[in-house]
Amino acid sequence: MPLIKVHIRKGRSEAEVELLLDTMHEVMLSAFNVPERDRYQLVFEHEASHFRALDTGLGFERTSKFVLIEMVSRPRPRSEKLAFYQGLAARLESECGISPSDIMVSFVENADEDWSFGAGVAQFVTGEL
Amino acid sequence: MPLIKVHIRKGRSEAEVELLLDTMHEVMLSAFNVPERDRYQLVFEHEASHFRALDTGLGFERTSKFVLIEMVSRPRPRSEKLAFYQGLAARLESECGISPSDIMVSFVENADEDWSFGAGVAQFVTGEL
Amino acid sequence: MPLIKVHIRKGRSEAEVELLLDTMHEVMLSAFNVPERDRYQLVFEHEASHFRALDTGLGFERTSKFVLIEMVSRPRPRSEKLAFYQGLAARLESECGISPSDIMVSFVENADEDWSFGAGVAQFVTGEL
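Chains as they are written, first to last, in this note's numbering: chain A, 10 to 138; chain B, 10 to 138; chain C, 10 to 138.
Each hint should be verified, as a subset may be incorrect.
[Said to hold, decoys possible] Here are the computed lysine-lysine pairs in the BS3-like style, where the Cα-Cα straight-line distance is at most 30 Å:
hint	chain 1	residue 1	chain 2	residue 2
1	B	LYS19	C	LYS74
2	B	LYS19	A	LYS19
3	C	LYS74	A	LYS19
If you are wondering where the hints come from, they were derived from the structure by calculation, not from laboratory data.
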């Protein structure tokens with residue numbers, strides 16, 4: 010936790026996808042102060058026709074490198090989310106060559122009892138986490 | 010925002026998918042009073058075996074044209090959501106030939122700080138949106 | 010409702026996927042006391058490179074049978090969610106041969122007005138459900 014769903018256009022190499030996921034994970038660790046092995050990432054590759062993203066009038070030029078990141082997380086302070094957005098923009102640009110204007114994020118929050126990581130129990134409720 | 014995830018069965022033409030997305034966008038603009046370029050749509054095509062939808066006993070006959078729409082949005086008034094459901098049913102039937110009994114919608118809400126549209130900032134927090 | 014999104018690795022047979030969905034549905038019916046035809050399941054198959062899941066340090070050995078289940082539901086009592094986790098672990102092991110250490114669940118909640126099952130109306134608001 011968080012659970013991260015990454016939407017990209019088809020056409021990236023395996024190595025590019027791996028670097029993207031590794032970099033996101035590092036940013037996440039830094040922004041949210043979670044354990045190193047708290048890594049849950051899903052990647053979805055879409056054709057352009059099936060992945061429409063404009064800019065709500067903000068003036069962003071989206072390219073084929075556009076990345077839309079959905080996060081599911083227990084509640085986090087606003088400051089951590091803002092740090093995450095900033096960190097993503099900086100690191101995905103420097104490490105992966107993705108412009109900050111091509112990075113969009115959307116969070117949804119849930120609660121302790123909403124996670125089971127295995128073994129049929131809710132680890133935030135049992136106190137294991 | 011909203012972010013719209015559209016689940017359909019495999020088999021529609023490119024033109025059908027495009028018309029579906031365009032029509033949904035028009036209904037969304039009308040129901041939610043958002044900017045014209047507030048368009049974020051993802052389409053997922055599924056095999057029948059991987060896309061099960063019954064009717065909770067409501068008596069709907071689902072067909073291969075069934076559409077399941079997931080919405081992620083900041084909080085919106087109940088009246089807007091109800092108008093959206095009604096508008097979708099009317100317009101997807103008249104424009105796309107999809108029966109209202111084949112249209113399902115599920116909303117999840119989040120908050121201002123849960124969106125970054127680019128540039129590493131949260132535009133509903135900065136006041137840009 | 011709930012809406013269930015099931016993430017698995019590529020490589021399962023059609024029969025395995027069907028058994029998995031049928032078993033999940035039975036567990037859901039038992040834990041949540043919903044109608045038999047309250048079945049809304051989507052399956053996503055991922056390459057290993059696109060589906061990363063570690064263990065937050067809990068000591069789980071994830072295998073290629075790992076299943077990540079996203080649930081979208083109206084609010085439910087904690088006790089029902091815990092029963093669902095436990096039931097899934099028991100039944101997916103006995104019926105599908107999936108170890109409890111390979112089963113992860115994440116819930117997100119919404120409200121009555123957030124669901125339209127068809128016909129352009131919100132059935133939890135109209136009183137039909």
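(message) Hint check: LYS19/B vs LYS19/A, CA-CA at most 30 Å. Holds or violated?
(response) With Cα atoms ~18 Å apart, LYS19/B and LYS19/A stay inside 30 Å; holds.
(request) Decide if the proposed pair is consistent with the structure: LYS19/B and LYS74/C, CA atoms, cutoff 30 Å inclusive. (result) holds, 25 Å
(message) For a C-alpha distance cap of 30 Å, please report whether LYS74/C and LYS19/A respect it.
(response) holds, 26 Å
Hint violations for this structure: none, all hints satisfied.
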